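Novice: My request is simple: use the sequences and hints to build the entire structure.
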Amino acid sequence: MTSFIGAGKVGTSLGVFFKENGIDICGYFSRTLKNAETAASLTSSKAYTELENLVNESRFIWITTNDDAIESVANQIAELKISEKKTFIHASGLKTSNALIALKKQGHKICSAHPLLAFSTVEQAVKMLSKTTFFLEGEQDELLGIKKIFKDKNLKFAEIKKEQKAAYHAGACMISNYLVTLVHASNQIFELAGIPNDILSPATNTLITSALLNLKGKEPQEALTGPIKRGDAETVKKHIEILSKDLPELTELYKVLGKETMNMIDDYRLKNILE
Numbered sequence: 002m003t004s005f006i007g008a009g010k011v012g013t014s015l016g017v018f019f020k021e022n023g024i025d026i027c028g029y030f031s032r033t034l035k036n037a038e039t040a041a042s043l044t045s046s047k048a049y050t051e052l053e054n055l056v057n058e059s060r061f062i063w064i065t066t067n068d069d070a071i072e073s074v075a076n077q078i079a080e081l082k083i084s085e086k087k088t089f090i091h092a093s094g095l096k097t098s099n100a101l102i103a104l105k106k107q108g109h110k111i112c113s114a115h116p117l118l119a120f121s122t123v124e125q126a127v128k129m130l131s132k133t134t135f136f137l138e139g140e141q142d143e144l145l146g147i148k149k150i151f152k153d154k155n156l157k158f159a160e161i162k163k164e165q166k167a168a169y170h171a172g173a174c175m176i177s178n179y180l181v182t183l184v185h186a187s188n189q190i191f192e193l194a195g196i197p198n199d200i201l202s203p204a205t206n207t208l209i210t211s212a213l214l215n216l217k218g219k220e221p222q223e224a225l226t227g228p229i230k231r232g233d234a235e236t237v238k239k240h241i242e243i244l245s246k247d248l249p250e251l252t253e254l255y256k257v258l259g260k261e262t263m264n265m266i267d268d269y270r271l272k273n274i275l276e
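The sequence shown finishes on residue 276 if you use the numbering used here, and the numbering steps up by one all the way, no holes.
Keep in mind that the hints were calculated from the coordinates and are not lab data.
Predicted, not measured: the structure shown is a model, and the values here were computed from it.
Take these hints with a grain of salt, some might be off.
Stated by the list, open to error - Keeping only pairs whose Cα atoms sit at most 20 Å apart, straight-line, the calculated SDA-like set for lysine to any residue is:
#: 1; residue 1: K166; residue 2: A186
#: 2; residue 1: K162; residue 2: P228
#: 3; residue 1: K128; residue 2: G146
#: 4; residue 1: K162; residue 2: L145
#: 5; residue 1: K148; residue 2: G94
#: 6; residue 1: K217; residue 2: K230
#: 7; residue 1: K20; residue 2: S45
#: 8; residue 1: K239; residue 2: P228
#: 9; residue 1: K20; residue 2: E58
#: 10; residue 1: K10; residue 2: G94
#: 11; residue 1: K20; residue 2: T39
#: 12; residue 1: K246; residue 2: K230
#: 13; residue 1: K217; residue 2: A173
#: 14; residue 1: K238; residue 2: A194
#: 15; residue 1: K86; residue 2: G146
#: 16; residue 1: K157; residue 2: H170
Specialist: What follows is the structure, encoded as structure tokens:
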């Protein structure tokens, strides 16, 4: 039986997805009972009011709290009376399984399993999780249980080392978080063209989708389009000119991205313009 400590979007989405894939869900424990009850209702499981009961009635326990709470939750569990050895998994992209070291000292198995996905809503996340890769980290003997479940249910996973997690998470944030920031910056620039939001939003969504489709099955260097790839100096000059005049705070961002684009394709024809 699998249970969750933390009933936010991540824990709830994983529970619903696992249940849909034939994994028995025991229940949820949360600081807010209402959240646990909501997640439990979606997974036909139980909302626990006592953490000790949840742990004792489960074999695999996912800790899907905020990152800052993982160690304190582990320390709290380590003080409980637990009838048999369990496997504890946290879902942080940054923290390693060492965040659960208090539980390992009690003889339990520990690991981390991070789904490489942006969790916006439970419904959307559940739809995407079948295509999502879980990045597992931990000692080999401690990963056996979770790997067996994932293999049996044909879930996508890969392994990552402890020392690689910070770089892994930075890469994830660049795609998931800063892509959103980049869209916001682009929208500010589009506003200079006087395009109303009701037209802009669907138009840019199509552009974003087409860029992502270009990336599918290709290296970024192959997927790239635009003036830097063409070496179109006059176009880039015009861009910098309008930004410097009307949105100077975005000029440096444009230049930084342009320089990184030159580095990516190893083409520095526009270097002087982007300095």
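Novice: Confirm or reject each hint.
Specialist: How the hints compare with the structure:
1. Taking the CA atoms of K166 and A186, the gap is about 28 Å. The hint is violated against a cut of 20 Å.
2. Restraint check: the Cα-Cα separation between K162 and P228 comes to about 39 Å, which exceeds 20 Å; the hinted pair is violated.
3. Proximity of K128 to G146 is assessed by CA-CA distance (about 25 Å); at most 20 Å being required, the pair is judged violated.
4. A hinted pair counts as satisfied when its Cα atoms are at most 20 Å apart, and K162 with L145 qualifies at roughly 15 Å.
5. Proximity of K148 to G94 is assessed by CA-CA distance (about 18 Å); at most 20 Å being required, the pair is judged to hold.
6. The hinted pair formed by K217 and K230 meets the criterion: a straight-line CA distance of about 19 Å does not exceed 20 Å.
7. Restraint check: the Cα-Cα separation between K20 and S45 comes to about 9 Å, which is no more than 20 Å; the hinted pair holds.
8. Among the hinted pairs, K239 with P228 is consistent with the structure: their alpha-carbon atoms are about 11 Å apart, no more than 20 Å.
9. The straight-line distance between the Cα atoms of K20 and E58 is roughly 17 Å, inside the 20 Å bound, and the hint therefore holds.
10. For the hint pairing K10 with G94, the CA-to-CA distance comes to about 15 Å; that is within 20 Å, so the pair holds.
11. Between K20 and T39 the CA atoms are separated by roughly 15 Å; this keeps the pair inside 20 Å, and the hint holds.
12. Pair hint K246 plus K230 does not hold up; C-alpha atoms about 25 Å apart against a cutoff of 20 Å.
13. Using a Cα cut-off of 20 Å, the hinted pair K217 and A173 holds, with the two alpha carbons roughly 17 Å apart.
14. Taking the CA atoms of K238 and A194, the gap is about 17 Å. The hint holds against a cut of 20 Å.
15. This hinted pair checks out: K86 and G146 have alpha carbons roughly 12 Å apart, not beyond 20 Å.
16. For the suggested pair K157 and H170, the alpha carbons sit about 18 Å apart, so the restraint of at most 20 Å is met.
Checked against the numbered hints above, the structure breaks hints 1, 2, 3 and 12 and satisfies the rest.
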